[in-house]
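Construct all of the structure, not just a fragment, from the sequences and the given hints.
Letter 76 of the sequence shown, counting from 1, is numbered 73 in our numbering, and no numbers are missing.
Quick caveat, the hints were computed from the structure, so don't treat them as lab data.
We treat Cβ as the ideally placed atom computed from N, Cα and C, and that holds for glycine.
Some clues are possibly wrong.
Stated by the list, open to error - 20 Å max Cα-Cα, derived DMTMM-like pairs, lysine to aspartate or glutamate:
#1 Lys2 - Asp50
#2 Lys2 - Glu62
#3 Lys2 - Asp80
#4 Lys14 - Asp80
#5 Lys2 - Asp37
#6 Lys2 - Asp92
Claimed, not checked - Derived CB-CB ranges, DEER-like:
#7 Asp9 - Ser51: 26 to 32 Å
#8 Asp9 - Thr52: 36 to 42 Å
#9 Gln45 - Arg86: 28 to 34 Å
#10 Leu41 - Gly91: 17 to 23 Å
#11 Gly91 - Gln45: 40 to 46 Å
#12 Asp11 - Pro73: 16 to 22 Å
#13 Arg90 - Arg66: 16 to 22 Å
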Amino acid sequence: MWVVKFGGSLFDADNLKNWLSLFANHSSLIIVPGGGPFADQVRLAQRQFGFDDSTAHGMALQAMEQYGRMLCGMQPGLSPAGDAETIYRTLERGDT
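Take a look at the structure:
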């Protein structure tokens, strides 16, 4: 099994779809998304509204989920998985 951190900075990469296509053709691969532009908005909102770091952290985790869902929506063959059980089932099927 391989774990790949797919950083939010790749959001603007010209070859984003190529990377996703390559990853989708690998079994036993887990992609951990960054927060991308969704996390950027959390940082901006925290500065503007002054909410605490714990709230910002929770929002940043949701930003990672949103970015991951976007990536799955861009590439057939990628499956969202938010917990260990779903990850294991996905890997058992040979999906990414």
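Can you give the numbers of the hints that this structure goes against, from lowest to highest? Violated hints (numbers, rising): 1, 4, 8, 9, 10; every other hint is consistent with the structure.
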